[in-house]
Every structure is written in structure tokens, then in C-alpha cells.
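**Student:** Single-letter residue listing:
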Amino acid sequence: DVKVTQSSRYLVKRTGEKVFLECVQDMDHENMFWYRQDPGLGLRLIYFSYDVKMKEKGDIPEGYSVSREKKERFSLILESASTNQTSMYLCASHSGSYNEQFFGPGTRLTVL
Amino acid sequence: QKEVEQNSGPLSVPEGAIASLNCTYSDRVSQSFFWYRQYSGKSPELIMSIYSNGDKEDGRFTAQLNKASQYVSLLIRDSQPSDSATYLCAVNMFSGGGADGLTFGKGTHLIIQP
Chain A
1 DVKVTQSSRY
11 LVKRTGEKVF
21 LECVQDMDHE
31 NMFWYRQDPG
41 LGLRLIYFSY
51 DVKMKEKGDI
61 PEGYSVSREK
71 KERFSLILES
81 ASTNQTSMYL
91 CASHSGSYNE
101 QFFGPGTRLT
111 VL
Chain B
1 QKEVEQNSGP
11 LSVPEGAIAS
21 LNCTYSDRVS
31 QSFFWYRQYS
41 GKSPELIMSI
51 YSNGDKEDGR
61 FTAQLNKASQ
71 YVSLLIRDSQ
81 PSDSATYLCA
91 VNMFSGGGAD
101 GLTFGKGTHL
111 IIQP
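Protein sequence lines, in the order shown, are assigned to chains A and B.
Heads up: the first sequence begins at 1 in this note's numbering, then just goes up one per residue.
Heads up: the second sequence begins at 1 in this note's numbering, then just goes up one per residue.
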């Protein structure tokens, strides 16, 4: 079974803090993704990566950056957290041409 | 503009009946279509994928795809209370290359009434 893990289930940070969300997958997948999910807005793609050190902007990259130094790990960085970044953050990965993505358990981030 | 549309519900179905969930998408060149189930407070779980026109069956689930109408549906037979969840339709809308993420609908909230 594909396993995608995220570093925290719940996180509380203060406005202006730098926040790191970590995601690790154990299936040697090339492609990894970060989404956020908000009530009424659904899941929206922030960034994705199709190889080590490669990254592509998704639909809502503003205020975020990413890092992929190793194939199994994809980090989402909030350079200066703001209250409008309070959300559920979901990491996913896939390998192959059909894009069947498997999600981690999610991190519920609250920015105060 | 990439869009995936779903009726938000709630859709209420008696136990044992067939639940029918629908989804339309905007990008005519889309190739891959997925249904995810999401329980409250949990992450989405992939339950069906479909890539060609027609029906695909897996247990109590059937996915139906009509590319000409840009329409994909999910049927759940013999609905059980454990099927109560939000169902997300997702479409892989290619934009020219690379491993694009999925575009998700906002989900349909399904309630199976015992």
C-alpha cells in the first residue's frame, strides 16, 4: 500500500512565523503535490514537483514555497504565516501516467 | 478556466438503494477522472478511476464517463450507512506538460439513511 505521511496532524502558529510542513512517501513516487482544503472552496493545488529539486506552481502559490531535496520528501514552507493561511493542508503523491494520487492524513494549520 | 462542477447536496438516499453522484468538467481534452471519498476530518481516499468512455465497475461502485458530454458519474449500489461521506470528483486537466495536479469539484455530501 502507498503510504504518505505528514509531520503533524494539528499545528498552531502565530502571524509572521515561518512554518514548515513536511510530507514523506514510501513508494518511490516521482510526483508530489501540496493542496489546501477550505470549506466552500474545495481542494486547491498550491505547488507540485515531478522530480528532485524541481517544482511547479499550482493554482494558488502566493505566500508559499516548496523544497524537494530528496525524492521521498516534499516540504511546504509558509515564509511569513498569515491568518488567511489557516486551512487543512494535504500532501499527495503518484507515479505513472494516469495521475492516481494518494493523500496523506493532512495537517490542520491554525494561524493566530 | 479549469472547472469541475458537482451538486453540493446533501443527497439523501435510503439504505440499500442506489446513490447517483454526478460531475461535469470544463476542459474537453481531460484524460483522467477520479472519485474520492472523504469522511469528516479525514483526507480524501481514492475509490475509482476511469480513463475511457463507458462504465467501469468495482464491487458496489460503478464509474461512468461520457467525454462528449464532459460528464462523469459514480453509482453506489446497495448503499450502506458507512457510505455516508463527501464524494469528490477530480479531473486531470493537462495544460501542456508535466505532472499537473488534479482539479477537484467541491464535493457532494451523501447521507445514507438507515
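FYI, nobody ran anything at the bench for these hints, they're computed from the structure.
One or more hints might be untrue.
No more than 20 angstroms apart at the CA atoms, straight line, and that leaves these computed lysine to any residue pairs for SDA-like [said to hold, decoys possible]:
id	chain 1	residue 1	chain 2	residue 2
1	B	42	A	96
2	B	2	A	71
3	B	106	A	24
4	B	2	B	93
5	B	106	A	69
6	B	2	A	98
7	A	3	B	47
8	A	3	B	2
9	B	106	A	3
10	B	42	A	98
11	B	2	A	24
12	B	106	A	105
Rough simulated footprint, nothing fancy, chain B against chain A, three-plus residues with beta-carbon under 8 angstroms [unchecked claim]:
id	segment
13	72-85
14	101-111
Ideal Cβ placement from N, Cα and C applies to all residues, glycine included.
**Student:** When the hints from earlier in the document are held up against this structure, which numbers fail?
**Tutor:** 1, 2, 3, 5, 8, 9, 10, 11 and 13
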